[in-house]
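A.B. asks: These protein sequence lines are chains A and B, in that order.
In this text, residue positions in the first sequence follow our numbering: the first is 1, and each later residue adds one.
In this text, residue positions in the second sequence follow our numbering: the first is 1, and each later residue adds one.
Just so you know, the hints here were simulated from the structure itself, not pulled from any lab data.
From a predicted model like this one, the values you see are computed outputs, not experimental measurements.
Mixed in with the good hints, there may be bad ones.
List of simulated lysine-lysine pairs, DSSO-like, C-alpha gap at most 27 Å [said to hold, decoys possible]:
1) K42/B - K81/A
2) K57/A - K81/A
3) K20/B - K106/A
4) K106/A - K55/B
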Amino acid sequence: GQNIDQPTEMTATEGAIVQINCTYQTSGFNGLFWYQQHAGEAPTFLSYNVLDGLEEKGRFSSFLSRSKGYSYLLLKELQMKDSASYLCAVRSGAGSYQLTFGKGTKLSVIP
Amino acid sequence: GAVVSQHPSRVICKSGTSVKIECRSLDFQATTMFWYRQFPKKSLMLMATSNEGSKATYEQGVEKDKFLINHASLTLSTLTVTSAHPEDSSFYICSARDNSRGLAIAYEQYFGPGTRLTVT
Chain A
1 GQNIDQPTEM TATEGAIVQI NCTYQTSGFN GLFWYQQHAG EAPTFLSYNV LDGLEEKGRF
61 SSFLSRSKGY SYLLLKELQM KDSASYLCAV RSGAGSYQLT FGKGTKLSVI P
Chain B
1 GAVVSQHPSR VICKSGTSVK IECRSLDFQA TTMFWYRQFP KKSLMLMATS NEGSKATYEQ
61 GVEKDKFLIN HASLTLSTLT VTSAHPEDSS FYICSARDNS RGLAIAYEQY FGPGTRLTVT
């Protein structure tokens with residue numbers, strides 16, 4: 001089966017750094033995605049990891065450890081507009097484009 | 001960049017009626033589109049994979065006779081919720097895969113803005 005876990009909610013202060021963790025147990029692995037979703041809107045792509053290590057993109061970084069089935073999304077210099085849900089998603093098979101999503105982490109950024 | 005549209009953005013219908021939701025890829029061709037459902041405070045659940053010119057592949061537990069999917073062209077897939085009931089009220093989101101991008105490309109699914117269905 002597929003199981004993806006991430007914290008339900010987190011709160012952080014504007015200007016700070018926050019790390020959102022994701023652990024997964026899937027029948028296969030061909031990439032891990034992070035998406036941002038504001039309430040009532042569709043998810044928007046943030047990052048993609050398929051090899052171990054850190055991928056940095058501006059204020060956002062994502063890390064993957066395949067042996068541990070673990071990833072995290074790091075958000076730096078938090079802004080109020082970063083308040084949103086962050087979804088971790090795994091693509092299981094090489095021949096499949098389907099994504100399995102975690103339940104999402106609702107991040108609240110406070111002044 | 002690749003854009004996916006959905007229509008309507010919101011719909012309210014009476015119990016027992018049918019509702020059609022359209023998903024269009026505006027500037028690229030999409031052999032494969034995906035339909036997701038999202039309940040409040042829950043994650044996206046894949047309902048079905050829509051393949052142009054062939055039958056959709058439904059996930060376990062999704063009734064194919066209730067959620068009719070048609071993917072008649074490379075830019076359009078439709079989801080029809082038949083005989084809708086209040087428990088079908090949800091946020092329905094489609095995504096489309098750009099034919100020109102291979103498996104190695106991360107941006108291969110583009111999401112539409114979603115359709116909020118409320119069944120009264």
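A.B. asks: Tell me the numbers of any earlier hints that the structure contravenes, in ascending order.
C.D. replies: Result: hints 3, 4 break, sorted rising.
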